[in-house]
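Asker: If you want the building blocks of each chain, they are given just below.
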Amino acid sequence: MSITEYFNLLWDDYTLRTITLGTAVLGAICGMLGSFAVLRKQSLLGDAISHAALPGIALAFLITGAKDSGILMLGALISGLIGTFWIRGITSKTHLKSDTALGLILSIFFGFGMLLLTFIQKQPNANQAGLDKYLFGQAATLMESDVQLMIIVTGISLFVMLLFWKEFKILLFDADYTKTLGFNTKFIDVLITFLIVLAIVLGLQTVGVVLMSAILLAPAAAARQWTNSLGTMVLLAAIFGAFSGVFGTAISASQNNLSTGPVIVLVAGVFVLFSFIFSPKRGLLFREIRFHQNRTDLKLMKTLQFMYGIAQEHENISHPHAIRILNNFHGFTKSSLKKLENEGWIIIQGQQWAITQKGFKQAQEMYNQKTMNE
Amino acid sequence: MDNQKIAVQIDDLTAAYNYKPVLWDIDLSVPEGVLMAIVGPNGAGKSTLIKAILGIIKPIAGSVSIYGKPYSKQRKMVAYVPQKGSVDWDFPTTALDVVMMGTYGSLGWIKRPGQKEKKIALESMEKVGMLAFKNRQISQLSGGQQQRVFLARALAQDAAIYFMDEPFQGVDATTEIAIINILKELRKAGKTVVVVHHDLQTVPEYFDWVTFLNVKKIATGPVKEIFNDDNLTKTYGINYKVAVNK
Amino acid sequence: MNSPQIEIQIIAVIVAMACAIPGVFLVLRKMALISDAISHAILPGIVIGFFVTQDLNSPLLILLAALTGVITVVLVEFIQKTGLVKEDTAIGLVFPVLFSIGVILISKNANDIHLDVDAVLLGELAFAPFDRFMVEGTDLGPKSLWVMGSILLITISLLLLFFKELKVSTFDAGLSSAIGISPIVMHYGLMSISSITVVGAFDAVGAILVVALMIAPAATAYLLTEDLKKMIGLSLLFGAVSAISGYWVANVLDASISGSIATTLGVIFLIVYLFAPKKGLISVLYRQKQQKIEVSLITFLLHLNRHDEESERHINHLREHINWQEVQARTVLNLAEKNNLIEIKNSVVSLTEKGLTFTEKSLEYIVNNKDEKIEPMKEDFFLFRG
Chain U
-1 MSITEYFNLL WDDYTLRTIT LGTAVLGAIC GMLGSFAVLR KQSLLGDAIS HAALPGIALA
59 FLITGAKDSG ILMLGALISG LIGTFWIRGI TSKTHLKSDT ALGLILSIFF GFGMLLLTFI
119 QKQPNANQAG LDKYLFGQAA TLMESDVQLM IIVTGISLFV MLLFWKEFKI LLFDADYTKT
179 LGFNTKFIDV LITFLIVLAI VLGLQTVGVV LMSAILLAPA AAARQWTNSL GTMVLLAAIF
239 GAFSGVFGTA ISASQNNLST GPVIVLVAGV FVLFSFIFSP KRGLLFREIR FHQNRTDLKL
299 MKTLQFMYGI AQEHENISHP HAIRILNNFH GFTKSSLKKL ENEGWIIIQG QQWAITQKGF
359 KQAQEMYNQK TMNE
Chain G
57 MDNQKIAVQI DDLTAAYNYK PVLWDIDLSV PEGVLMAIVG PNGAGKSTLI KAILGIIKPI
117 AGSVSIYGKP YSKQRKMVAY VPQKGSVDWD FPTTALDVVM MGTYGSLGWI KRPGQKEKKI
177 ALESMEKVGM LAFKNRQISQ LSGGQQQRVF LARALAQDAA IYFMDEPFQG VDATTEIAII
237 NILKELRKAG KTVVVVHHDL QTVPEYFDWV TFLNVKKIAT GPVKEIFNDD NLTKTYGINY
297 KVAVNK
Chain F
8 MNSPQIEIQI IAVIVAMACA IPGVFLVLRK MALISDAISH AILPGIVIGF FVTQDLNSPL
68 LILLAALTGV ITVVLVEFIQ KTGLVKEDTA IGLVFPVLFS IGVILISKNA NDIHLDVDAV
128 LLGELAFAPF DRFMVEGTDL GPKSLWVMGS ILLITISLLL LFFKELKVST FDAGLSSAIG
188 ISPIVMHYGL MSISSITVVG AFDAVGAILV VALMIAPAAT AYLLTEDLKK MIGLSLLFGA
248 VSAISGYWVA NVLDASISGS IATTLGVIFL IVYLFAPKKG LISVLYRQKQ QKIEVSLITF
308 LLHLNRHDEE SERHINHLRE HINWQEVQAR TVLNLAEKNN LIEIKNSVVS LTEKGLTFTE
368 KSLEYIVNNK DEKIEPMKED FFLFRG
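For the record, the sequence lines run as chains U, G and F.
Each residue of the first sequence is one higher than the one before, starting from -1 at the first, in the numbering used here.
Each residue of the second sequence is one higher than the one before, starting from 57 at the first, in the numbering used here.
Each residue of the third sequence is one higher than the one before, starting from 8 at the first, in the numbering used here.
Next up, chain U with everything else stripped away, as it sits in the complex:
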């Protein structure tokens, strides 16, 4: 199946539609809540939480024997939360730093999860198949009930976010100040963390524990480049996330042997790369162009200053001078003279130039500013 076929089939094929809707909703909620994670400098917490969820999934299966994704998600949620609070316990009660705590919990919980998974695989229980999808995700296994759950959770998260928008925003920006205004910052903090953990758990089946955090971060990191408003950022991140989800699923479904997680991550990665380079305000390309522009401007001004110095020595400032006397001056080129003429600061006639009144004034202002700054 090619990608165009996939999108053609989308309208007729019920399963395909379910899966696509599921990944779109998932991408949206991850982008939305990921924005908070990124702004709270908790980008890597998501990574730790998603890895920490693995033993929960395996244990939930071992205890209940159920393959029902709802129960497995509950297990993931509990073990993800245990991981989160243990990380907090380590950083607040010992001298180990947060990077150590994150890496430690991430790898140990994941190791324990893999121990359980390999243990389960050897059990003479036909039911065990399917837990593998939680490693790298398999959108194709999404059922209608899974998608319904996603939509409900996303709806609730959206409602909570809109309800507490003001509180979330002020806490993200200035937690201490929020406390002095009489808000219960612990409550807001736990609420945000809980929503983030929820989004991660929701995505495990589709994206997998290994790469889940990237779906949380990438849309938000891309969205941040295009706007300076928190609301727009959250909205954009949700859109980027939804697109990454849909395209990633489409590509992986149209190929054999491809887990959804890595493909969605790559699509989101493309969004990030594009934003890093081409965003008009922050992007590297325009930054480079602006830098170049400033340097040219600076050169131009220096040339004008030099001319001003020469013109000052004459009573009639508009007295023409030969262009070649500029030859010793660095930064003078034909094109820079042209630009100065376009600005109306000098007049060029043949091999001679003369500064205009306007140009003289401009140079004078610059000179005054310079002396003032010094």
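The reader is advised that the hints may include incorrect statements.
[Claimed, not checked] Cut-off 30 Å, straight-line C-alpha distance, at most; resulting in silico cross-link-like pairs (BS3-like, lysine-lysine): (1) G:Lys167 / G:Lys240; (2) F:Lys368 / U:Lys95; (3) F:Lys237 / G:Lys290; (4) U:Lys91 / G:Lys76.
[Said to hold, decoys possible] Over the 12 Å line for every Cβ pair with chain U, so calculated as not near, a few chain G residues: (5) Asn74; (6) Glu88; (7) Thr150; (8) Asp153; (9) Pro169; (10) Ile176; (11) Phe224; (12) Ile236; (13) Arg243; (14) Gly246; (15) Glu261; (16) Glu281; (17) Asn284.
Hints are computed from structural coordinates only; laboratory data are not their basis.
The beta-carbon is built from N, C-alpha and C at its ideal position, and this holds for glycine as well.
Since chain U is already given, all that's left is putting chains G and F on it; use the hints.
Answerer: Okay, now just chains G and F, sitting in the frame of chain U:
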């Protein structure tokens, strides 16, 4: 002076970070309508004192009352200007948005700011001369402008008592003058202002009340009476005579 | 025990020890997550290297993949420098993307490549003894034993050679450059060694568990000592112990060896985290509680010392002004009385002579910013601690 109301009353306040005490047994009364500097060497607990008063850190012992009632019941009478470096200025928001945050406390939970709050915020921005920058992204403001935004945010709280943590840190001369003029206006309007201050030279010029702090309270009172070599030496441990008279 | 079993355990121990040494420095330099980034990001390097060499244990592949690791570090640092996103986001973006490329490369070439996704996550320690190092028909043991053995030897020699430099640049970068040790050289040296170790260990324990082998021993050791040499020694010990016990746990459960090694590391960390004599959770909580009561006690004594008027020294005042809960007030009062620092007459509290001496001495230390001297003084004065 005697029948002056007490705006802030602190009793037996001991505060600690990770259970290591930073402030010991502070008693302090701040009369209404003064412009007070808290001075002391680095690590003297100046910021901690303000944070403990405002409940940002939980004191180990002691109580704070605002106009005779516990602080927790009087929050709306108090405004706070934190240190500029305490927040991420790359946060995606505008100057006006930040100033609006000053109105969140009186709004309470869930309710959104409306036209009334916007008006308050715009007026506060005008007072600090930042109206022209209202839609500017906060990362594109200079250090002095960021400080003024913080000040405007506190003004938007319309409080009776203002606590400011080093508002002159890293600002240009124009901003420093603008800020001190606003502080003096606040005092004229009968407000009480408490400022953590670093620059001893400007204390007599800017403030009328001063508290010397170094882990313990050394002295508190009118600048004219107690801002002297004796107290400076007690606080800083070396003879400060030369530095101040310059 | 048969000979493959012994060989597996030897390899596991060597891998664990080789990881533990750079791990100590990563933890101390607050760069633990770099190991996470490197271990994920080398995957495309390994896959491409495998296309070239067709041998997972080839030194060329290890170098190629290690280079990818160093490039990752450079890339992360570049993104951090642009200021477009926060530092942690930069790490969080780069490695999943590179890892995804690796996973996709493997999936797309599943037929040509003797690597599967399980091996990427878990390694193939159990199969390590089957890949022999043969020279002219003589069996010299498992290949991976040679590879990891060489990496461990190189790491230990570099550690011994540059111990002083590593120590200085880790604890004081400023001093380090002042005495002519370039922190940048040490930084990239450490990154290169970490990358090589990760690549070597990847084959045995997989991408994510190598992180456990690097961070967990060092973190556990750091809770027990702050001495660098002891920390390295303890890390090596924890690594080796969990390698062997992890192997036997896996043997009993018939589960992944590397998963059980990581789990064992986790159990050891949990035990140390709870029970370490000074830095452990229980001892920290106990100390904080004691500290809180004793600080309250001193505050109380200072208060008594400062106020002559009876109203300020009345028992009820304690709760009103000092703002303590009933329980806390009683604890403090009891402690002070048990230690003969105060006496109570008609509900008015006053300092005893001993209390006065203690208070005045404490006050002197406090005023001179020498709080730390109060602690030993308590030994002299207190019959009972809080």
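Asker: All the hints need checking, so say for each whether the structure fits it.
Answerer: These are the hints, each one checked on the structure:
{"no.": "1", "hint": "G:Lys167 / G:Lys240", "verdict": "33 Å, violated"}
{"no.": "2", "hint": "F:Lys368 / U:Lys95", "verdict": "36 Å, violated"}
{"no.": "3", "hint": "F:Lys237 / G:Lys290", "verdict": "45 Å, violated"}
{"no.": "4", "hint": "U:Lys91 / G:Lys76", "verdict": "14 Å, holds"}
{"no.": "5", "hint": "Asn74", "verdict": "9 Å, violated"}
{"no.": "6", "hint": "Glu88", "verdict": "20 Å, holds"}
{"no.": "7", "hint": "Thr150", "verdict": "7 Å, violated"}
{"no.": "8", "hint": "Asp153", "verdict": "8 Å, violated"}
{"no.": "9", "hint": "Pro169", "verdict": "7 Å, violated"}
{"no.": "10", "hint": "Ile176", "verdict": "14 Å, holds"}
{"no.": "11", "hint": "Phe224", "verdict": "19 Å, holds"}
{"no.": "12", "hint": "Ile236", "verdict": "22 Å, holds"}
{"no.": "13", "hint": "Arg243", "verdict": "21 Å, holds"}
{"no.": "14", "hint": "Gly246", "verdict": "21 Å, holds"}
{"no.": "15", "hint": "Glu261", "verdict": "25 Å, holds"}
{"no.": "16", "hint": "Glu281", "verdict": "31 Å, holds"}
{"no.": "17", "hint": "Asn284", "verdict": "34 Å, holds"}
In this structure, the earlier hints numbered 1, 2, 3, 5, 7, 8, 9 are contradicted, and the remaining ones agree with it.
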